Amino acid sequence: MIILSTKDIVASDVIKYPNIYIPQYKVTFITGPSGCGKTTLFKIFNRTFDFKEGEVFYKNNNLLNMDPLKLRKSIILAGQDSFLFEGTTRENFQKFYEYRDIPQLSDEQIQYYLKLTLVNASLDTLCETLSGGQRHRIFISIMCSFKPDVILLDEPTAALDENTASCFLNNIINFCKLEKITPVIISHSNKLTQDFADHIINLGGHNE
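Positions 1 to 208 (UniProt numbering) are the ones given, in order, by the sequence shown.
It should be emphasised that the hints constitute simulated quantities derived from the structure, not laboratory data.
Errors might be hidden in some of the hints.
[As the list claims (entries may be wrong)] Below are the DSS-like pairs computed for lysine-lysine, each with C-alpha atoms no more than 27 Å apart in a straight line:
#: 1; residue 1: K180; residue 2: K7
#: 2; residue 1: K26; residue 2: K59
#: 3; residue 1: K177; residue 2: K115
#: 4; residue 1: K59; residue 2: K43
#: 5; residue 1: K73; residue 2: K52
#: 6; residue 1: K115; residue 2: K73
#: 7; residue 1: K147; residue 2: K70
#: 8; residue 1: K70; residue 2: K7
#: 9; residue 1: K16; residue 2: K59
#: 10; residue 1: K95; residue 2: K191
#: 11; residue 1: K95; residue 2: K52
From a predicted model like this one, the values you see are computed outputs, not experimental measurements.
Please model the entire structure based on the sequences and the hints provided.
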């Protein structure tokens, strides 16, 4: 089944996309040179960017006919500019869950998601004392905990060395398979793409 697809999308005068198909539950990598519109495509998928022409479909439904707020609960974007509240790792989980008005996680569940994303911090660690890479992975751990239909990961391993990046993606992909989540990943790493991708979309070329 195709979970996301595009037809004749024009994002701007300089960004036009080939028709794109993203299969459900498969690991899709988006590749291509800087400036080709990879991040913009992610924003189109969760309706934080309005395209000029064309159509986008989620489970065969036109995105423009869907409530953007409901859509963003099903298609979560974990971008490069992640947001965390001031406070501890535990408090950040709590505040995101309060905002969504859903039951809170236990400490054990929070620790599970931090371990999933290789965050070496306690529940009482102040997030503002952590590195940018650690903060970004905490944000990803929170987004994963929502268990969306689709998770869009924009350069999630940019701050990691090769071995750690591989371990991180292995964790995330296994989690997505377990929870029936479709991961879509932007990466500039040829090795990670070849090691983990079921489906590759090269915006400088073609779909594979």
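Okay, the hints, checked on the actual structure:
1. A hinted pair counts as satisfied when its Cα atoms are at most 27 Å apart, and K180 with K7 qualifies at roughly 25 Å.
2. With a C-alpha separation of about 15 Å, the suggested pairing of K26 with K59 holds against the 27 Å cut-off.
3. Straight-line distance between C-alpha atoms of K177 and K115 comes to about 17 Å, which keeps the hinted pair within the 27 Å bound.
4. Between K59 and K43 the alpha-carbon distance is near 17 Å, which keeps this suggested pair within the 27 Å criterion.
5. Between K73 and K52, the direct Cα distance comes to roughly 24 Å. Compliance with the 27 Å bound is thereby established for this hinted pair.
6. Using a Cα cut-off of 27 Å, the hinted pair K115 and K73 holds, with the two alpha carbons roughly 23 Å apart.
7. Straight-line distance between C-alpha atoms of K147 and K70 comes to about 14 Å, which keeps the hinted pair within the 27 Å bound.
8. Note on K70 and K7: the hinted pairing holds, with a Cα-Cα distance of about 22 Å set against a maximum of 27 Å.
9. Taking the CA atoms of K16 and K59, the gap is near 22 Å; set against the 27 Å cutoff, the hint holds.
10. The suggested pairing of K95 with K191 is violated, with an alpha-carbon distance near 36 Å, which exceeds 27 Å.
11. As the CA atoms of K95 and K52 are separated by approximately 35 Å, the hinted pair breaks the 27 Å bound.
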